[in-house]
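Chemist: Given next are the chains, with one letter for each unit.
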Amino acid sequence: MKIQTILFIAVFLLSCSLIKAQDKYLTKKGHVWFFSHTPIEDIEAHNNEAAVVFDSKTGEISAVLLMKSFKFQKALMEEHFNENYMESEKFPKGLYKGKVTNLQEIDFTKNGSYKGVVDGTLTIHGVEKKLNTNCTIDVEDGKLEVKSKFTITPQEFSITIPDLVANNIAKSIDVNIDLELEVYKK
Amino acid sequence: MSTKKIIILAVVFIIVICGSIGFYMFNKTFKNIANANPDIIVSDDQIFSEFEKNETTATKKFVTGDPIIEVSGVIAEITQNADTTTTIVFQNPAKYTGDISCTIVKTDVEKTKKLKQREKVTIKGQCSGMQELIDKEVILIRCIICDNK
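Listed in order, the protein sequences are those of chains A and B.
Here the first sequence is numbered in the working numbering, starting from 1 and rising by one per residue.
Here the second sequence is numbered in the working numbering, starting from 1001 and rising by one per residue.
Watch out, some of these pointers could steer you wrong.
Stated by the list, open to error - No more than 20 Å apart at the CA atoms, straight line, and that leaves these computed lysine to aspartate or glutamate pairs for EDC-like: (1) A:Lys143 x A:Glu60; (2) A:Lys147 x B:Asp1083; (3) A:Lys57 x A:Glu145; (4) A:Lys185 x A:Glu156; (5) A:Lys29 x A:Asp107; (6) B:Lys1060 x A:Glu78; (7) B:Lys1060 x B:Glu1110; (8) A:Lys90 x B:Asp1083; (9) B:Lys1061 x A:Glu78; (10) B:Lys1028 x A:Glu78; (11) A:Lys171 x A:Glu78; (12) A:Lys71 x B:Asp1083; (13) A:Lys97 x B:Asp1135; (14) B:Lys1028 x A:Glu44; (15) A:Lys24 x B:Glu1132; (16) B:Lys1136 x A:Glu182.
What the hints assert, rightly or not - Every beta carbon over 10 Å from chain B, so not counted as near; a handful from chain A, in silico: (17) Lys29; (18) Ser69; (19) Ser88.
To be verified - Computed footprint of chain A on chain B; a stretch qualifies when at least three of its residues, placed anywhere within it, have a C-beta under 8 Å from a C-beta of chain A: (20) 1051 to 1065; (21) 1131 to 1140.
Calculated from the structure, these hints are not laboratory results.
We put the beta carbon where it would ideally sit given N, CA and C, even for glycine.
Sequences are here, hints too, so could you generate the full structure?
Modeler: Take a look at the structure:
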């Protein structure tokens, strides 16, 4: 009897810790890219080093990326982006802090594709702005693939584009997110 | 030659020069990291401790102006990424608390396939800065593997 009780308690505690371990998901290799289209030229840059933490219990998301990790095809574009537009020396990071507000609609233990509604703030170039967006969360064997798309304008983040190149850069920039999140094990 | 002809020639000359400069700048290429001498040579614990001590100063030194950084360390992790790059992570818990992530360019991926954990390796690349959200990580991109010294 006593052994059975001990065994029961042990299994119960073990399963509790396992369930808790499923709460935090993360990646250090999140893919964030943006695209600007104008009749004059298309500009595209890829960042494959975004760090993202997602708590599936609370819905909280935190993301950090380094501006200097954005890779352009043209060296001159990359230089302008960092030195003139983003002033990456002054503002080296982009931050997102948000929350998935429809957690009850997502079952992280069941494989499938779910829609996520995210409310939060994006801080780039030293300016903090509200950014609410939708995302798709694909659950597959405990791993999450999160995809999202939204647009931002250089203006709202006080990014000044010189008149000379104003027609080379779109008024609104498409930003894409593709993250492969894995359970935090430590 | 008449004055008119000289002026026309001078204007054409100026246009050609400006055009060439513009063309050169527009097609400016990225530094050839593989062939260039490094601007800064450090060990993994040296670069990490500078970032940990003062992130702003370290960013000015290792990030601003895109200096080519040569870093040596012991491989803790080596991951082949989906986009065909490879990421090598340096760790040394005895000397520093976080890690250094070096993403190796596609053209050097074959070299990375011969590398194993706990092996010492030297890489050359560009530093983006430090991320503190997950562990503390100094990030290097556009890295190549240096041939054995």
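Chemist: Between the alpha carbons of Lys147 (chain A) and Asp1083 (chain B), is the straight-line distance 20 Å or under?
Modeler: holds (16 Å)
Chemist: For the pair we were handed, Lys143 (chain A) and Glu60 (chain A), check the Cα-Cα distance against 20 Å.
Modeler: holds (17 Å)
Chemist: Going by Cβ atoms, does Ser88 (chain A) stay more than 10 Å from chain B at every point?
Modeler: violated (8 Å)
Chemist: Closer than 8 Å, Cβ to Cβ, for at least three residues: run that test on the stretch 1051 to 1065 of chain B against chain A and report holds or violated.
Modeler: Contact hint for the stretch 1051 to 1065 of chain B vs chain A: holds, 4 residues under 8 Å.
Chemist: Lys185 (chain A) and Glu156 (chain A) were given as a pair; does the straight-line alpha-carbon distance stay at or below 20 Å?
Modeler: Measuring from Cα to Cα gives roughly 38 Å; hence the hint is violated.
Chemist: Next pair to validate is Lys171 (chain A) with Glu78 (chain A); report whether the Cα-Cα distance is within 20 Å.
Modeler: holds (19 Å)
Chemist: Is the hinted pair Lys1060 (chain B) and Glu1110 (chain B) satisfied, with a Cα-Cα distance of at most 20 Å?
Modeler: violated (33 Å)
Chemist: For the pair supplied as a hint, Lys1061 (chain B) and Glu78 (chain A), confirm whether the alpha-carbon distance does not exceed 20 Å.
Modeler: holds (19 Å)
Chemist: Taking C-beta pairs only, is Lys29 (chain A) more than 10 Å away from all of chain B?
Modeler: Non-interface label on Lys29 (chain A) violated, nearest chain B Cβ at 7 Å vs cutoff 10 Å.
Chemist: Is Lys29 (chain A) close enough to Asp107 (chain A), meaning Cα to Cα at most 20 Å?
Modeler: violated (24 Å)
Chemist: Within 20 Å, alpha carbon to alpha carbon, are Lys1060 (chain B) and Glu78 (chain A)?
Modeler: holds (17 Å)
Chemist: Taking 8 Å as the C-beta cutoff, is the stated coverage of the stretch 1131 to 1140 of chain B by chain A satisfied by three or more residues?
Modeler: Our answer is that it holds, as 6 residues pass the Cβ test (under 8 Å) against chain A, meeting three.
This entry does not satisfy hints 4, 5, 7, 8, 17, 18, 19, going by the numbered hints stated previously.
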